[in-house]
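Given these sequences and hints, build the entire structure.
Residues per chain, in single letters:
Protein chains: 2
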Amino acid sequence: MFRALARASATLGPQVAGWARTMATRQLLVAPPEALLRPLFIPNRLLLGPGPSNLAPRVLVAGGQQMIGHMHKEMFQVGHVGGGSGCPECPPQGGEGRSVGSDLRALGPQIMDDIKQGIQYVFQTKNPLTLAISGSGHCALEAALFNILEPGDPFLVGVNGIWGQRAADIGERIGARVHPMIKDPGNHYTLQELEEALAQHKPVLLFLTQGESSSGVLQPLDGYGELCHRYNCLLLVDSVASLCGTPIYMDQQGIDVLYSGSQKVLNSPPGTSLISFSDKAKNKIYTRKTKPVSFYLDMKWLANIWGCDGKPRIYHHTTPVVSLYSLRESLALIAEQGLENSWRQHREVTAYLHGRLQGLGLQLFVKDPALRLPTVTSVAVPAGYDWRDIVNYVMDHFDIEITGGLGPSMGKVLRIGLLGCNATRENVDRVIQALQEALQRCSRNKL
Amino acid sequence: MFRALARASATLGPQVAGWARTMATRQLLVAPPEALLRPLFIPNRLLLGPGPSNLAPRVLVAGGQQMIGHMHKEMFQVGHVGGGSGCPECPPQGGEGRSVGSDLRALGPQIMDDIKQGIQYVFQTKNPLTLAISGSGHCALEAALFNILEPGDPFLVGVNGIWGQRAADIGERIGARVHPMIKDPGNHYTLQELEEALAQHKPVLLFLTQGESSSGVLQPLDGYGELCHRYNCLLLVDSVASLCGTPIYMDQQGIDVLYSGSQKVLNSPPGTSLISFSDKAKNKIYTRKTKPVSFYLDMKWLANIWGCDGKPRIYHHTTPVVSLYSLRESLALIAEQGLENSWRQHREVTAYLHGRLQGLGLQLFVKDPALRLPTVTSVAVPAGYDWRDIVNYVMDHFDIEITGGLGPSMGKVLRIGLLGCNATRENVDRVIQALQEALQRCSRNKL
Numbered sequence: 001m002f003r004a005l006a007r008a009s010a011t012l013g014p015q016v017a018g019w020a021r022t023m024a025t026r027q028l029l030v031a032p033p034e035a036l037l038r039p040l041f042i043p044n045r046l047l048l049g050p051g052p053s054n055l056a057p058r059v060l061v062a063g064g065q066q067m068i069g070h071m072h073k074e075m076f077q078v079g080h081v082g083g084g085s086g087c088p089e090c091p092p093q094g095g096e097g098r099s100v101g102s103d104l105r106a107l108g109p110q111i112m113d114d115i116k117q118g119i120q121y122v123f124q125t126k127n128p129l130t131l132a133i134s135g136s137g138h139c140a141l142e143a144a145l146f147n148i149l150e151p152g153d154p155f156l157v158g159v160n161g162i163w164g165q166r167a168a169d170i171g172e173r174i175g176a177r178v179h180p181m182i183k184d185p186g187n188h189y190t191l192q193e194l195e196e197a198l199a200q201h202k203p204v205l206l207f208l209t210q211g212e213s214s215s216g217v218l219q220p221l222d223g224y225g226e227l228c229h230r231y232n233c234l235l236l237v238d239s240v241a242s243l244c245g246t247p248i249y250m251d252q253q254g255i256d257v258l259y260s261g262s263q264k265v266l267n268s269p270p271g272t273s274l275i276s277f278s279d280k281a282k283n284k285i286y287t288r289k290t291k292p293v294s295f296y297l298d299m300k301w302l303a304n305i306w307g308c309d310g311k312p313r314i315y316h317h318t319t320p321v322v323s324l325y326s327l328r329e330s331l332a333l334i335a336e337q338g339l340e341n342s343w344r345q346h347r348e349v350t351a352y353l354h355g356r357l358q359g360l361g362l363q364l365f366v367k368d369p370a371l372r373l374p375t376v377t378s379v380a381v382p383a384g385y386d387w388r389d390i391v392n393y394v395m396d397h398f399d400i401e402i403t404g405g406l407g408p409s410m411g412k413v414l415r416i417g418l419l420g421c422n423a424t425r426e427n428v429d430r431v432i433q434a435l436q437e438a439l440q441r442c443s444r445n446k447l
Numbered sequence: 001m002f003r004a005l006a007r008a009s010a011t012l013g014p015q016v017a018g019w020a021r022t023m024a025t026r027q028l029l030v031a032p033p034e035a036l037l038r039p040l041f042i043p044n045r046l047l048l049g050p051g052p053s054n055l056a057p058r059v060l061v062a063g064g065q066q067m068i069g070h071m072h073k074e075m076f077q078v079g080h081v082g083g084g085s086g087c088p089e090c091p092p093q094g095g096e097g098r099s100v101g102s103d104l105r106a107l108g109p110q111i112m113d114d115i116k117q118g119i120q121y122v123f124q125t126k127n128p129l130t131l132a133i134s135g136s137g138h139c140a141l142e143a144a145l146f147n148i149l150e151p152g153d154p155f156l157v158g159v160n161g162i163w164g165q166r167a168a169d170i171g172e173r174i175g176a177r178v179h180p181m182i183k184d185p186g187n188h189y190t191l192q193e194l195e196e197a198l199a200q201h202k203p204v205l206l207f208l209t210q211g212e213s214s215s216g217v218l219q220p221l222d223g224y225g226e227l228c229h230r231y232n233c234l235l236l237v238d239s240v241a242s243l244c245g246t247p248i249y250m251d252q253q254g255i256d257v258l259y260s261g262s263q264k265v266l267n268s269p270p271g272t273s274l275i276s277f278s279d280k281a282k283n284k285i286y287t288r289k290t291k292p293v294s295f296y297l298d299m300k301w302l303a304n305i306w307g308c309d310g311k312p313r314i315y316h317h318t319t320p321v322v323s324l325y326s327l328r329e330s331l332a333l334i335a336e337q338g339l340e341n342s343w344r345q346h347r348e349v350t351a352y353l354h355g356r357l358q359g360l361g362l363q364l365f366v367k368d369p370a371l372r373l374p375t376v377t378s379v380a381v382p383a384g385y386d387w388r389d390i391v392n393y394v395m396d397h398f399d400i401e402i403t404g405g406l407g408p409s410m411g412k413v414l415r416i417g418l419l420g421c422n423a424t425r426e427n428v429d430r431v432i433q434a435l436q437e438a439l440q441r442c443s444r445n446k447l
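Line by line, the protein sequences are chains A and B. Quick note: the first sequence uses the numbering used here, first residue 1, plus one each step. Quick note: the second sequence uses the numbering used here, first residue 1, plus one each step.
By construction, these hints were calculated from the structure, which means they are not laboratory data. Wrong hints could be hidden among the right ones.
Said to hold, decoys possible - Dumping the calculated EDC-like pairs for lysine to aspartate or glutamate here, alpha-carbon to alpha-carbon at most 20 Å:
#, chain 1, residue 1, chain 2, residue 2
1, A, K291, B, E172
2, A, K291, B, E150
3, A, K73, B, E34
4, A, K289, B, E172
5, B, K291, A, D169
This is how it looks when you write it as structure tokens:
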């Protein structure tokens, strides 16, 4: 086809001639890179680190689908642009982006609306302001902090691992008065400790991580929302590494802002994240004195394109349509399995892993069994070993990913994740076999 | 498997028993949404709006691949974590994230490194600080402004459509002194106008849009970088809707920051974007007095995980691995086709479209042929028609997307995009046939 066009170009008139002159004035100084001429090859690996996890088969299929427009009727409940009711050939319209009720439901999924409902289910919330962020978990954390905090706002942060460090860092960037509560990795926060800090600092927001994936700690949440509200503080919880692997009840536990990622138990690719705001949190956003620093993450705009504000949807940014297909399928899988079954699966398979690890003579890093995450397990690096040797051995000889520590837990732990469809006894047996062999081969005492 | 686990749970010890008690204290109050039980169905549409465009077949295949870790050896040139050279069973290591030279090249693509080279090619730049952003084009715009501007910095913005409006908005959010140069959609900026504004406002940064997709204007760029540098101003250019469809030479044209999107001529899904910084721009970033407001978009961190700073790579955020497969394949397609061939294809097919549109009696919105974008064409809405009727008719009867205006051009234009693999004469013929029929059926004069 292209050659035919080239032949025809002489007849295409002054516009093409003008363009051709512009092009002739410069030359390409950077050549096509040879590296891009190699074929793409993606190996098959069992991802038993703290995430990303392997994609569920149905999610894989979704990721291979063709594009549609980010505002097409398959994305949300409106079939057409505008309300062009005057065209005799056009079907009745839903108006300028308003919901058109149940008649369009028969046409198939509305991906963004389905995702909102799916997030409400996995978060156990009825919050209308519930949506997916077009970015990773860190982006969702920024969406939370950028929208809730204003310069000068006191912000209390539980820093018992890398996620609290990151929250404190972002808080400082936007001018909040950050009060970090620093603990060694492996620890959690009690109600009593928090009450003292709330009384002392009078924060507008408290950050806690439910699943501290860098240390393997499960932060209890019962009573924490109530406590915060007694001190006029909002509660923000990171559930990236824990969601769908352990119970969370956003509304019943009084959590004001909750976010999570797509690439952990949900078995979707990284690149989207989940977020929801209580009415209290929404009120803080809608009564801000200053605009959030980010337009991309401005919740008033996002609330609109996600249909959370009851107004006609207006173009904000181009959402990651194919990633949303995947996220929708992930949430559909959990809806079919049932949250309680997913929680039970993770609890039981991870307990089985813990038993097998102890059978190898390894020590779990988190001492109290009630505080161990049912998704990501941290194991103390055994004496006489370099954690890197073990991780590399398991990857090289078994094509299995496990990882070392992260941030404050670096060098202290090995981490094994059993996330979503990867949480099976068969996978536990595979990783235990790999670890057993690594422990035999990688001892530095032999050197 | 799950039932077997349930039967076995009685034997799993105190950890599971403790979890079970926690779970028993609360009940699910939000049921699994019925909407998620419907199967996902994605229709086949020809996307001839201003983007997103259809995915190229090879990009589709890439999107259906399984996950690997975001720091695995297929992502960049390092095979292993750390430098665990002591393990007798492990191959020689590349050290803590450093490049290991050509021996690993034989193993296959290094996706992030390939993407960097691909961006350098399509931008025609040798800038080391070149990478992909984990978000849409708006996210890349924020990455540019957050990193270059500090509070109080004067910022000159060409506002001749929606993208300049957005840049001005973001500049204000982060406390820059924004000087918008407002023009009606369809206009561009001359060197003389800019020189006056540069002399008057002494900005540190000028924003221009090469492909103003909301109006269909192609902003000339020759001489603009040189002019800016004479006034100690950096030049930031948005090429989201124009990249690979019309020439741009970042280094030769003295562009200091250039960004683009994945979902236009590159025929990838939305969700990643491309960005590069000149040494001048990099210097402004590395001599900032304040941290950028965003951690997610902090260029010093991103430079590190993209291997642009020569230091060992440190975890920053989980990159959108599968979207990067797609982006890598998009860039490989352009490398194989050749930039100049891609430019020529868009120029010639769009010229053919312009001729056919004029043959229907329609008026192109941009009067000067030299200022018409070779990717997105704007057509004046013909008298006696509502643009919505035409857009809806073409979608309903032909499964083809064309769109109306956006922001300042809303209501004034229809927009037709011929982007990447969609830029063929066959597609022009299809959309012209659809438009012809729509014009016959949708006239409001008949009513």
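Now the hints, each set against the structure:
no.	hint	in the structure
1	A:K291 with B:E172	9 Å, holds
2	A:K291 with B:E150	17 Å, holds
3	A:K73 with B:E34	18 Å, holds
4	A:K289 with B:E172	14 Å, holds
5	B:K291 with A:D169	10 Å, holds
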